[in-house]
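Quick note, the sequences are listed as chains A and B, same order. Quick note on our numbering: the first sequence kicks off at 1 and runs consecutively. Quick note on our numbering: the second sequence kicks off at 1001 and runs consecutively.
Errors might be hidden in some of the hints.
Computed list of lysine to any residue pairs in SDA-like fashion (alpha-carbon distance at most 20 Å, straight line) [as the list claims (entries may be wrong)]:
(1) B/K1057 / A/V267
(2) A/K454 / A/F484
(3) A/K480 / B/N1011
(4) B/K1081 / B/E1051
(5) A/K270 / B/E1061
(6) A/K480 / B/F1019
(7) A/K270 / B/D1060
(8) B/K1059 / A/L240
(9) A/K480 / B/E1015
(10) A/K480 / B/F1048
(11) B/K1059 / A/R266
(12) A/K480 / B/G1027
(13) A/K480 / B/L1044
(14) A/K480 / B/L1018
(15) A/K480 / A/A502
(16) B/K1059 / B/F1048
(17) A/K276 / A/R296
(18) A/K480 / B/I1047
(19) A/K328 / A/G285
If you are wondering where the hints come from, they were derived from the structure by calculation, not from laboratory data.
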Amino acid sequence: MHPSIVQHFEETAARSGAAVALHWRGTRWTYDDLSRAIAAAASGFRERAPERGGRVALLLRNSPQYVALYYGALTAGLVAVPLNAQERASVLIRQIEHCEARILAGSTDHPEWPALSQAAASAGCTVIAIAPRDDDSSLDQFVRDVGGQGTPFADRPKSDELASIIYTSGTTGRPKGVMLSHGNLAANSAAIIKYLALTPADRGLCVLPFHFSYGNSVLHTHLLAGAELVIEDNLAFPHLTVQRMQAEAITGFAGVPSTFALLLGRVNFKEHDLSKLRYLTQAGGGMAKPLIERLRAELPHVALFIMYGQTEATARLSYLPAEDLAEKLGSVGLPVDGIEIQVQLDGRPVKSGEIGEICARGASIMQGYWKDPAATREVLRDGWLRTGDLGHLDEDGYLFIDGRTVDMIKVGAFRVSPQEVEEVIAAVPGVEEVCAAAMPDELLGQAVKAVIVKRAGADVDERAVKAYCRQNLAAYKVPKLVEFVSVMPRTASGKIQRFKLA
Amino acid sequence: MADALNDQIRNFILENYLFTNDTKALGLDDSLLGRGIVDSTGMLEIIFFIEEQLGVKVKDEEMIPDNLDSVNKIAAFVSSKRRAA
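Please take these sequences and the hints and turn them into a complete structure.
Structure follows, in structure tokens:
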């Protein structure tokens, strides 16, 4: 086992040098190209932040430049903090301050870059602007942008050193930064490569954002296996995505339930030659059985891996071997290598078939939440990670999910905190009280619904609320529906009953 | 006529994604994806609008950025489909 994905990558790159690592729009970077870019980024970062463990915030959409910056930070002994490229500057600034970032590196074509770079500079951050070229000049431009002088350094990352902080959807006032060590990333990547049997012959297509744990794992696993990764960052044109799968002879594709719902809804797979496609992976929430069955019917030759995990476990906790799908339909499978799963009630394991909280321990469990020991103690207890998910194990040890213990709203691939939406809407003039809840959505699984009690005589309507949310929240957090009521449903002790508003 | 179509498309996007009447909030050549105004589900809703309200069928292979990624591109696409009909 490598102590870090840095060493693992270097070993892979030494073997795969001339092979294509990343393909993005009009540019292809080989493993040698990527190594050169990583070295430039590492020395650029180290020269600006010589102390080990300094945080480097990254604001770029999926691109080779993102990958080089991420690996560059880890190689330099710094901590990569990938920022949500869909988020608003006001939220990202809080995260930059929270993690005390020393450096902000980002793409000049990002809509939030002007506001964010200015705020970061005012907060004492060194700002590195990247012009994200997507043609033959991309590598040379990147090396110029990071401006490293090629400073050599000898210290290699150790497995227990902090490698990355990923911010999960917390409230605006309380961001939760999941701390992942080099060992966490290395262990989880190795486990996934093993069960997917990734090899240098593979060519994956990634439409998932790298800054979240699923896309992050797709990136690392393909690079460490010496495979090629074809990069996109959206699924706005599903027909083009499937055309690309054919044209590029894609062997693997990762999605969340809404990804597959969109593809199945808009594309006729039988009109495309997808004979090279050998695996699909699905995580990011439970996929309905009818959708799984449609996918298998459309692509019977493809191995479909249903998976489960969370950012607090680096990415993957369990996977269902493709050959078990028919017999164990509805399960999320068995623990990945290096992970142990137990279903517990009051800290004790329950019998098979009994529902309790899914708990896990092992090599890819996070180090804790950044600067939040109280929140850390809530989820890391007695050596176990408490996932917040309810589930049960069958008599063969296969895991089934039975719901969540917390109120997060799952909109497509994203998790939305109802509290965060409520805090924003509470500031709209005329709003007396607000409660955000999940409502079912055919495509996305869930959407956000906001229920509001207006102040007496106030003149506020749905459009005004949505416009205000659009200014202050990422687009996927804006409520799809806003309702006005005269009184909220409450418990006897006065607590709003969110579930009654869904 | 062309201006009326552009206005209708722009107003739809302003109303449903930016929740404003301010036409200055959206340039006719602004990339809807690049500016983060529309995502994958948003694009499906735009296609629904084109089919239901503008009366033009969008084939799967016509769902490409050149036809859909800005107000002007949508207008040009719709106009050419109408002329061909």
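Next item on the list: Please write out, lowest number first, the hints stated earlier that are contradicted by the structure.
Entry: The structure breaks only hint 12.
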